[in-house]
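Asks: Listed here are the chains, written in short residue letters.
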Amino acid sequence: MNASSLPRWIDIGLLPVLNLMAALTVAGVIIAIIGENPFVAMGVMIKGAFVYDGALGYTLFYTTNFIFTGLAVAVAFHAMLFNIGGEGQAMIGGLGVGLVVLFLDSVLPPLLVVILAVPAAAAFGAVWGVIPGWLQARRGSHIVITTIMFNFIASSIMVWLLAGMLMAPGQMSPETRSFADGINLPLVYEVLQMVGFSVSRSPLNLSFVIALLACFGVWYLIWRTKLGYIIRATGHSERATIYAGHDPAKIIMIAMAISGALAGMMSLNEILGVQQRVILNFTSGYGFTGIAVALMGRNHPIGIVLASLLFGALYQGGAELDFEFQTITREMVLMIQGLIILFSGALAYLFMPAVIRVYSSLRKPTGSG
Amino acid sequence: MADKTISEARGDDSSPLAISLDNINKTFGSVQANKDVCLSVVPGTIHGIVGENGAGKSTLVSILYGFYSADSGTVAISGEPVRLRSSADAIAAGIGMVHQHFMLVPNFTVLENIILGHEGGSDLKAGGRQAEASLKGITERYGLSVDLQAAVQDLPVGLQQRVEILKALYRGARILILDEPTGVLTPQETEQLFDILRTLKAQGVTILLITHKLKEIMAVTDFVSVMRSGEMVDHLQTAQTNPQQLAQMMVGRPVLLDVGYQAAQAGQAMLNAEHLTVTETSGVTSLSDISFSVHQGEILGIAGVSGNGQSELLEVLAGIRKITSGTVQIGNRKITAEQPASPSEVKRLGLAHVPEDRHAMGLILPFTAAESAVLGYEYADLMGGRSPILSPAVMAAHCKTLMTSYDVRPAEPTLKSNLFSGGNQQKIVLARELSSQPAILLVGQPTRGVDIGAIEFIHKQLLAMRDKGCAVILVSVELDEIMSLSDRVMVMNEGKSMGIVRKADTDIQEIGLMMAGVTAAPPRQQKAK
Chain A
1 MNASSLPRWI DIGLLPVLNL MAALTVAGVI IAIIGENPFV AMGVMIKGAF VYDGALGYTL
61 FYTTNFIFTG LAVAVAFHAM LFNIGGEGQA MIGGLGVGLV VLFLDSVLPP LLVVILAVPA
121 AAAFGAVWGV IPGWLQARRG SHIVITTIMF NFIASSIMVW LLAGMLMAPG QMSPETRSFA
181 DGINLPLVYE VLQMVGFSVS RSPLNLSFVI ALLACFGVWY LIWRTKLGYI IRATGHSERA
241 TIYAGHDPAK IIMIAMAISG ALAGMMSLNE ILGVQQRVIL NFTSGYGFTG IAVALMGRNH
301 PIGIVLASLL FGALYQGGAE LDFEFQTITR EMVLMIQGLI ILFSGALAYL FMPAVIRVYS
361 SLRKPTGSG
Chain B
370 MADKTISEAR GDDSSPLAIS LDNINKTFGS VQANKDVCLS VVPGTIHGIV GENGAGKSTL
430 VSILYGFYSA DSGTVAISGE PVRLRSSADA IAAGIGMVHQ HFMLVPNFTV LENIILGHEG
490 GSDLKAGGRQ AEASLKGITE RYGLSVDLQA AVQDLPVGLQ QRVEILKALY RGARILILDE
550 PTGVLTPQET EQLFDILRTL KAQGVTILLI THKLKEIMAV TDFVSVMRSG EMVDHLQTAQ
610 TNPQQLAQMM VGRPVLLDVG YQAAQAGQAM LNAEHLTVTE TSGVTSLSDI SFSVHQGEIL
670 GIAGVSGNGQ SELLEVLAGI RKITSGTVQI GNRKITAEQP ASPSEVKRLG LAHVPEDRHA
730 MGLILPFTAA ESAVLGYEYA DLMGGRSPIL SPAVMAAHCK TLMTSYDVRP AEPTLKSNLF
790 SGGNQQKIVL ARELSSQPAI LLVGQPTRGV DIGAIEFIHK QLLAMRDKGC AVILVSVELD
850 EIMSLSDRVM VMNEGKSMGI VRKADTDIQE IGLMMAGVTA APPRQQKAK
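If you read the protein sequences in the order shown, they are chains A and B.
Counted from 1, the first sequence has number 234 at position 234 by my numbering; the numbering is strictly sequential.
Counted from 1, the second sequence has number 416 at position 47 by my numbering; the numbering is strictly sequential.
These are calculated hints, taken from the structure and not from any lab test.
Keep in mind that the hints are not guaranteed to be accurate.
[What the hints assert, rightly or not] Below, a list of computed lysine to aspartate or glutamate pairs in the EDC-like style, where the Cα atoms sit at most 16 Å apart:
id : chain 1 : residue 1 : chain 2 : residue 2
1  : B       : Lys829    : B       : Asp627
2  : A       : Lys226    : B       : Asp750
3  : B       : Lys691    : A       : Asp247
4  : B       : Lys582    : B       : Asp548
5  : B       : Lys570    : B       : Glu600
6  : B       : Lys691    : B       : Glu643
Because the structure is a prediction, the values reported are computed rather than measured.
Excised from the complex, chain B in its bound form (with noise of 0.2 Å):
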């Protein structure tokens, strides 16, 4: 079943699709993960898919990869049908996959992960030697320069993904698959990734790009197809659509994007962190001489690549993780390595977090959604002080508060945590913190693995408790997110700051070579270069 677009497209050109799904579908239980769904992509183009968390992406590239086998429907590579019944037969078949978590064995060299697996007998010299000489043809055709004797570990995030693809190509891949490639990447390496898919594209092989990331979507595919619940909405031209459009499809809603910044006066200091050192046991420094502040009525956003001591950053604040040298300052409190304060005390001084990992730390996932809206609060007054005993009934009736006034869906707080969307566990979690009326607001993450209808109500959220006149530190590695809420941005790389520059004064392009380490803040932290 070919679809319209595609078609269209491609005028008369006759040759076989590179990919052709026909009506796949696939159940896990009760749930019907993708629903009759069908894709067409034209060989040596760049195909992006785009849906929600759930919408049912990655088990459609998990069926084309051979990890899961669909319930029905076939599957056409180069007009040939194939049985994918393991990621061997898909390899076979000239798919190739580079995963949002690299599978590389990370104290091997470039050359000893390309081969793993391909190592060509027993003798791994004459292996070794034989791949080296076929890779120089790969990294000269596609442009793919990447030392081949340099361990993985000592490699940047954005050299590792190269790897990855190498190790693809290596393996004969003539189809590309990306699942989410950009969110360890920093601007500039994203723009380098870019260049290396339309290389890529020009020598003829096909790119399947998964991604939420609509800006990413519009910048480098030519083709997209948007999935919604586990259906397939649309194939469209990408040059025929715009973000808008796309996001309206993905939500099934028309949604805004921007959700209305306003610069504000900032008002006093709230918390004060000077020198902020933490050292972990097994002798790593994650995070180096830190310094800021935080004020009243005001959004301070920390930007950086996943890992660079943002979430070490968190979790000092927050109290769980302890100080080895500087001061945290809230108040009168002065937080020390002597005088260290327990995630209790922080939060009698005021300061509620809504963690990064909202699985791990900011709900229980076996626990009720009533439970789980208590967590951290079981002293509260609210839930009778100091008082042994937990009401269910009143667990019960200050959730459906919280669910009513944060649009939690559905609303049923005897419903266990893990069967909420994303997006509703997070507005728990938010619910939860918020109602304390914090003075001080902690967030990490707050979007990962959300829809975008609930972004849009989070991210107001956020702004709406900035206004109250709260002061917020906001985590985050979409840099979009950093860029469209925050009043000030702090830089974070290898666990230092590169510096603090007021959002009005700055773009994603300098905080970008930031990020990378690459310059310090202007003008007075120039010597910090």
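Chain A on its own, in the form it takes in the complex (with noise of 0.2 Å):
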């Protein structure tokens, strides 16, 4: 018996439910053995991610990344390639926007720059997951190992850039000029001032609607398409798929093309979204934490959106914790998410065993086979 002959409801509900359960309770113990009362800093964690003024904004800001991020590691996980580069990818997405803006920004209408940036975001980051796709369809390098390195080449082409050729005029730290005035994705709060709501100032815009636009279109792809079809055939059986007369070397490239799209999207949330330049590190883990997202929605849309605003949610109530409480360190707060990533991400099938012992009893034993 496997996860396979498991009710879904189970697979994808109760299982990461279970596992979320475990690691809040685990650092609910050290969070007593510290001398706080857990149940008083979960309540200032759900506080700060929720209901304060503004919370919710910054909340769904940091989802934004996770789900662009936990989306990509899903799509090269549906072709059974485990893509690590979505922090490399996500930071030439970033360069990509940088250049559109950085060269067009004073010729075209900032509307137009805007509409260029968003696709331009989406091909670096692609080109970023389809050097790796390639090496391993056609030279037979493990995507795993390519991608980690290309996280570390992107980095460094950053601060080469950064620090040289794109740093600002005049300026010491490591960061491209800013853009022309106008040269962002509408922030909700405004739009929706705009409209007659009042909302309190958060970084939240557009890219949240685009993410979310990704979800549906990440689950057409998947589901609902003859390339996603494949895609999915490649990641179960590459024989299969040669039989089937397709070329999975092909397939593989265009799922890590697909994959480093997404990642490359992130930078729209934070270069066109909040920062309006270009600066050092704007991907600051998301990508890492995109493997964990993706893992504990099971590499379903829906279930990514999910698990992105409970990474989101610790983010933002998780520096809320660290504000209220003396002893709640931001080493703490990174613990309690550490704890959450290990849990849900790499001990994700921990319950499994125990599970399916319930579940089996529960019914009643059929004797067949």
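Fit the two chains together into the complex; they arrive one by one in their own frames, and the hints show the way.
Replies: The following block contains the structure:
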């Protein structure tokens, strides 16, 4: 008996919830050990993520990053490729946005520049995904190794450019000049204010909507198109794909291009949404956390939205926790996030044997086979 | 709980049973693999266990050899209740096992393989000498001569199996379990194995033979136990039963063992292979200089012991593997090393392929039946041609139609492919490929791991395709299958064709010798000898 013989609601519903509970329990024990009340801390965290002024906007802003990087990991995973390179692909995507805007913002109207910057993010990310894909498909270099290496390469390129050619003149920090006025994605609170709703300030912007559209797009691609079917077929059995008359090498490259494009689009949220210039390390680990998001969301867009929301809440609520308690430091918050990644990512199937036992003892065994 | 057949046959003999299993139960998840299984094996007999795939034979043997422990029930060996928690326990209790896939280190010598795990201390040389001495006794006693210094990889399969038997005897086995031992043997090698088993029996060794080949049961066993769906159906004395009865017990309903082959007139040649040669990147020549043609309304059987190039031949014809030299001609298209054809091009030329390995190729196990039923036909007109969208409704309807006309059970398109039985999985693949109305059909091992009931159905379908004018190439390691369906038979040995014979002019003995590479086909290929 394995995961596929369990009903879907257990695999994608119950198991992740159990993992989350386990992580929170361990975190709660640790908070109790350092002398704080874990329930109070939990309350602060939830309020910090959803209730306080502007909290929800911040939570959804972080959620947007996780949706993009989580989807990127999921698409590659359907072709059984472990894309660890979301971080690098996002950086290069940001570079794409930066180059388009810096070259064009003085010549073209802002709206047009923004419209061009969006596909640039995807295209640059795609290129950074497709190179490891090509190396895997045609040269047999393992995708895990190459994508990790490409993170380092991306990071070095960013340092080289931001501290060199692209560095704003007359400045000491490694970042480009600011984009021209009006070159940014509309902020949600501004749009809502225009239509008469008063919402507190937050960096939440149009990227969130793009992320949700991407979710639908990924779902449609994977489960409703022939390409998605072939990507999944390649992931399950390369030999069957060859037998069916497709070239797995081509499929691997296509899947990595889509994956890279999604990761690259994470930069829209950070660069085009709030920073309005390219800065160093704007990805700050979202690409890596995307792996945990995809694992927890079982590589399904709906699961990824929920997992992203959880991680968004942890980021935002965790910051609040740090602020509110003297004893709970930033490192403590990182540890809680780490526990959740550990339980939902690395130990994703920890409770599976127990759940299977309980489930099959509840159902009357049928003697077949 | 001694069963009636055994106690009757034994009369008032009161020596303990070699193996006595009592009410063995074993459950995997929600599947009960063994249900109240009882088995009594008389010492010094050959006892067969037959049953279809998934009947619980392997589980039972695994329990007996200590791989699994039973959920409940007792095991007694030679009258002593034992607890078998590992294969070491089983060996200590005097049980030896010859696995279907040999557990030998290919580049070790026979002696090194035999003492592996029983090296007799840190001085390998001394241990080897000691082993050699005691092996001499064993080989003489049982007539199992084999060169102890030869590397196992240089030995023919029949001798490798002999090494496995020796290994078990060297560890003191008095009860020998053989799991599907003849799958890799030629008919002649099978006969030799049976001679060995008879000698072992005469020396008092008890043998448990697990097989799905009823002929072998009839040929060599004294008793036979039939399993179905995890339960023991009956225990019989072999002399008092027949294959028809055993087949019926295995399936639970009457079965036709012969699907009624009738010779037919073949038409024009549909596929011509000339001097087909394939050299792997490793430098090994897997196919060398193979020439044949297959005609409309004809089944060309490809016989041979597994691993003699048949798989490579199928893959080359299907466009999966590249030709090194030679040609394959389908219609006007000449496929060569310079102008290779992809699997999709070959498909457009009217060829359909039921692959040997349905788990890795024919189906995608985690996919639903509906998804597996369009594998390779995603862009067929039925699925909307070049349209990029794959409609789940169309897929489900298509699958349902196939399932109804090929009697796939359960006829449930949303069920995952791995949840169907072997026979039903094969029917899904067959339905998909046959429904494309191919002019040429490649079929690899169509009934491997398929239950008897489905074998009958599949054989009928293949004959029906032939009668509709399809040119069929049938690769199978089951010689009976080749003999009951083919019009002509090509025999392969070490990647070469040993010749093509008309079925009407040959018999199983002649084909067996060709399979072993001993003789080429008569008379025009005689010089190839």
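Asks: All hints, please: hold or fail.
Replies: Hints, one by one, checked against the model:
no. : hint                  : result
1   : Lys829(B) / Asp627(B) : holds (10 Å)
2   : Lys226(A) / Asp750(B) : holds (13 Å)
3   : Lys691(B) / Asp247(A) : holds (14 Å)
4   : Lys582(B) / Asp548(B) : holds (12 Å)
5   : Lys570(B) / Glu600(B) : violated (27 Å)
6   : Lys691(B) / Glu643(B) : holds (15 Å)
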